[in-house]
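2 protein chains.
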Amino acid sequence: PDAAAIAAAEARNGQLTKPPGALGRLEKLAIWMGGWQGTDKPTADKPQIAIFAGNHGVTAKGVSAFPAEVTAQMVANFAHGGAAINQLARTFGARLDVHALELDRPTADFTEGPAMTEAEVVEALRRGHEAVSPDADLFVAGEMGIGNTTSAAAIATALYGGFGWAGRGTGVDDAGLRRKEAAVAAGIEKNAALMGDPLEVLRCLGGREIAAMAGAILGARMARVPVILDGFIACAAAAVLEKAAPGALDHCVAGHQSAEGAHARLLEKLGKEPLLNLGLRLGEGSGAALAIGVVQGAVACHSGMLTFAEAGVAAGA
Amino acid sequence: PDAAAIAAAEARNGQLTKPPGALGRLEKLAIWMGGWQGTDKPTADKPQIAIFAGNHGVTAKGVSAFPAEVTAQMVANFAHGGAAINQLARTFGARLDVHALELDRPTADFTEGPAMTEAEVVEALRRGHEAVSPDADLFVAGEMGIGNTTSAAAIATALYGGFGWAGRGTGVDDAGLRRKEAAVAAGIEKNAALMGDPLEVLRCLGGREIAAMAGAILGARMARVPVILDGFIACAAAAVLEKAAPGALDHCVAGHQSAEGAHARLLEKLGKEPLLNLGLRLGEGSGAALAIGVVQGAVACHSGMLTFAEAGVAAGA
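Line order of the protein sequences matches chains A and B.
Its first residue numbered 19, the first sequence is counted upward by one per residue in full-length UniProt numbering.
Its first residue numbered 19, the second sequence is counted upward by one per residue in full-length UniProt numbering.
With the rest of the complex left out, here is chain A (with noise of 0.2 Å):
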């Protein structure tokens, strides 16, 4: 970030129409924007929402209530504009566009081996990488894939240790949360040699939405893009850049809380507060989705407001 930027706009922060501190976190908010796109008065006005979708060989182990097609499908009425995604794209103005990731070609079952080649996950960093909008002013990762959440548990396992990363997902019974456990457990097992490697761990029991999802956020950074994080899955493809280079998430700022049971550990991994807390378990990035409206409230408030001196109103004691 931007000391300069960071200076001016904490000055300019000080001066405003209200007591200080009045604002709470939309000041933090809106300095840490400016920090990023380096000017003491940030804008949001262009927000981008990339949707990165995959299939997983994972789910013939049982771990989904949804059948594999139904990421399809939903690619579909992303394209339809009939997900909830489409409609708080809308609803905050933003760019929204949808990366189906060779959907008719699964990555393997991480229980039996790598999930993907290299060449496979070298090619989905590439894709999440440059779906970055050089226009954007603040960026949003989101994701669809059958089995995902199955993936992102065994990533954070392998990231982080201990047990119960895998949480009910889509809505799976208890019987399909003792599959996702067996799958996670026998991922990690399998592919044991290579966790002690971030981007190997990506490889190994990602998916192709989430390695794009860890190469868009690396991509938003590179141009100065601040991002909101979404939920489970797309925190699991943070934590791997976190890992792999501590500070990388700088960047980022934790747009909710999901309901899905794993979530609220991840981001304390990760050192992230959210922004929201609504019990959203959704996914395609619609938390984060919901969070632009508290950044461009934080935004307006700050780079629209009147100083004192502008308004002519007198300043506390």
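In case anyone wonders, no lab produced these hints; they're calculated from the structure.
You may find that some hints are simply not true.
Which copy? The list can't say, so a pair holds if one copy fits it or any two copies do.
Claimed, not checked - Derived SDA-like pairs (lysine to any residue); straight-line CA-CA distance at most 20 Å:
hint, residue 1, residue 2
1, K59, Y178
2, K46, E291
3, K64, A210
4, K287, G330
5, K287, P216
6, K64, G111
For chain A, the structure is supplied; the task is to place chain B on it using the hints.
Leaving out everything else, chain B in the frame of chain A:
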């Protein structure tokens, strides 16, 4: 609310292209909006924010970090578009009306007797009641009034008993906070004979802008316009109605939890779970205005998404 509309909105919610419950609290919000608007496809594209401003005799007791002149100065700032609420109203497409209520005639100092006469409180209630636009599909009542966190603390103390309802408001120091606590205690003692009747509590300890907010919340109820409650002062106004007629706030949702000390406790008394918790403590309706974006997102998803059948997506197991 309209039971048939609620049933229809619930049925619609169950058919939308998402796992059941995956939009969390947004689903409940949209159904609630539908109930009050009498439709299974509620809207939130005509939000109205009304700010009421009033001055308080109790400022003579040194209860604020700002001089009383700031009330009028901020009203001028609202008119020139320089305040936080102007930016938030613009961000979420809300109509913004500002009602300055006899700023050159502060209420009487409630530590020495009733703050308002009967005629004064009735006039303020009327101003609020009439402020609600019949066109609005969502309503926010905000306030500006140097000294009014002291008035709100006195109301909360009278309605619910106990101690510690006074907080730091716009930022008083320890001595200022002790003066606020003393003023609250003196106000309750001086007006003790009338504290059994919530509307007398409003008259004796409130202010014109607080009474107007109560009138506006009631006016919105008559017009079946859903309301987003703002912070501590707005909730003190609302609490008068709830005490007078339990259920009077069923058309209201809590927009946010303010950083003003006792707001969380007041929300608990009202049985309201806040949508946001971002440390705001500005007033002007700002926290509720920020929550307009959340309601717009909820309603957009509910009313705009396709059903599984419409989108050709397979439903879950």
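Hints and how they fare:
1. In this homomeric assembly, K59 and Y178 never come within 20 Å of each other (Cα to Cα): the closest approach is 38 Å inside a single copy and 44 Å across copies.
2. In this homomeric assembly, K46 and E291 come within 20 Å of each other (Cα to Cα) only inside a single copy, at 12 Å, whereas the closest approach across copies is 24 Å.
3. When the C-alpha separation of K64 and A210 is checked against a cutoff of 20 Å, the pair qualifies neither within a copy, at 43 Å, nor between copies, at 56 Å.
4. For the identical chains of this complex, K287 and G330 are neighbours neither inside a copy (46 Å) nor across copies (39 Å), given an alpha-carbon limit of 20 Å.
5. In this assembly of identical chains, the alpha carbons of K287 and P216 lie at most 20 Å apart only when taken from the same copy (15 Å versus 48 Å across copies).
6. Taking the shortest Cα distances, K64 and G111 sit within 20 Å of each other both inside one copy (7 Å) and across copies (17 Å).
Violated hints for the displayed structure, listed by number in ascending order: 1, 3 and 4.
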